[in-house]
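Taken in sequence, the protein lines are chains A and B. At position 52 of the first sequence (counting the first as 1) the number is 52 in the numbering used here, and the numbers step up by one without a gap. At position 278 of the second sequence (counting the first as 1) the number is 278 in the numbering used here, and the numbers step up by one without a gap.
By construction, these hints were calculated from the structure, which means they are not laboratory data. Note that the coordinates shown come from a computational prediction; the quantities given were computed from them, not determined experimentally. By construction, the Cβ of each residue, glycine as well, lies at the ideal position given by its N, Cα and C atoms. Be a bit skeptical, because a hint or two may be false.
Derived lysine-lysine pairs resembling DSBU-like cross-links, with alpha carbons at most 35 Å apart [stated by the list, open to error]: (1) K184/B <-> K39/A; (2) K234/B <-> K184/B; (3) K39/A <-> K292/B; (4) K179/B <-> K158/B; (5) K114/B <-> K39/A; (6) K292/B <-> K184/B; (7) K39/A <-> K158/B; (8) K179/B <-> K301/B; (9) K336/B <-> K292/B; (10) K179/B <-> K134/B; (11) K50/B <-> K158/B; (12) K50/B <-> K134/B.
Okay, the calculated bits of chain B under chain A, using three or more residues with CB under 8 Å as the criterion [claimed, not checked]: (13) 98-112; (14) 214-224; (15) 311-320.
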Amino acid sequence: MRGADVSEYVVRFSVWARVQHAAVIVLFAVLLLTGMPQKWPYVEASRWIIEHLGGIFVVRWLHRAAGVAFSVLLVVHVAVAIGGVLSRRTRPSMLLSVRDFRDAVDFLRYCLGWAEAPPRFGRFDYRQKFEYWGLVFGGFVMALTGFILYFPIAVSRVLPAELIPAAKVMHSYEALLAFLIILVWHLFAVLLSPEAFPIDTSIFTGKIRKERLRHEHALEYEELVGRE
Amino acid sequence: MRRRRSVVGGRHAIVQLLIVGLLAGGALAQKAPEKLRDSVAACLACHDDKQLSVQLRDGATMSLHVDPQGFLHSVHGSQLVCTDCHARYEENHPSGATFPSRRAYAIASYETCKKCHFDTYTRTLESVHYELLKNGLDSAPICTDCHGAHNIQNPHEKRAMVSRSCASCHDGVYLRYAKSVHGKALEEGGNQDVPACADCHTHHQIQAPGTTQFRLGSPQICIRCHGDRQLMAKYGISATVAQTYLSDFHGVTASLAGGGALLPQQVVVTCIDCHGVHDIASPRLMGGEAMKASVAATCAKCHEGASPAFPAAWLSHYEPSLRHAPLVFFVQLFYKVFIPFVVVGLVLQVLLHLYRVSLGR
């Protein structure tokens, strides 16, 4: 590791990206805290949480308010992302390509010792892309099923009413899936993984050390500074 | 060894015989005695007179006649004598004393029951009936109004009789009950599995049923029988109704809303809101179309603007299956496979990653 590079940082995330991430943390936490006790209402811990948040009617109000805020954020995010790409101000660096699936296989081969070196990643590696698309897709599933549950009468006027219990099951399981993915994958990647330990702060500060960028996002680094 | 054991066995047999003998003796003692005891006979020498009466201060006449056979065949016939309850007449009787009214006499006398039935009596003190009596409503029921006085029967054996005693005041409610699926079975078929008044409202500590607390607790009353698999199997009724209600939005709300008072917009739906209270009918006897229309009308009571198609949003107390709510069933199945698949895959990748790091580069 060359000492000269250690203190050198580059900007990785815009203020907008950092604000969105912070908002997702807050909203996700509120939604989990008010949603999980409703998924398991007969667990003692759930009842404790609901009681201390002011009762089931307050909890449901909080959940809907946070859900509406999350949905708005999701729509704005997608609009800004599409707008940015169309006006050529941002690059669609999150778009999936065949290369990402090849990277996933190559990384597994590296883990198993069948390849000497891990694949070299661009601005976002395949794990970050999969997680991003999981969040966007899952977010739309949650928002859509959430609104079906919020307005069951209106929905049953235009669509088969069986969608409502189906939406309830989907909302509940999709939330569990999202929670587990964040727990085992995202939190591992940004807290416990050897590259990030003890914590990857770049999404909060917006900066990343050049050395880390060179190591974890080699292709982006090369594009930035030119091949060494 | 073998002999010893047989001796012990022999002793057991004797003890058993003794116990059986005692029980049989006890059972005999419970039966009505052939003739009146002397002290009872002494009272009845005068009181077995249909003309015997006393003039009350409100001008009414109170009969003092006691039917010997009625008393003899009551639960107390073999156990008590007259003065156990009417203790004040042991001396100086007849004293010529009188009472303001028939009701005043009954109210002044009923507390004699607590000499033996003290725990039951104290429970009545917490009931809505005692509350009314305390506030001056003389017609509020006391022990003897439901159980009778000289002809008291075992209320566990005569459940319809107890319910009819409620009807003497709550006649409208009782008529609705008697026409319900529960009431009909008890009144017409003598069915002992169905609830009589006291099974839902309790016996002595009867609470006002109009309170939020009673409403929120009411599913637990229904679940006592409708969650009992064996009992429900006897009638071909699904015992999952309780479970499906409790896991449904309405049941969760009811279970969590307990405690404080509810605001008008905090709607809680319990069993009775859809099924009715005293006039509960069997949904099976209604027929498919009538049933659907009835459910739609029931939903629309709270869900303003609900279309006739809206009840399909509710799984009719069924667990999702291929037959009932296949869409819900498949969504559930998909996630039950997909979630473990994803999570196990991700955990494996994390472990493999750590394994590679541990090998060193």
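#### Entry: Structure versus earlier hints, numbers of those that do not hold, lowest first
The structure conflicts with hints 1, 5, 7, 13 and 14, although it agrees with all the remaining ones.
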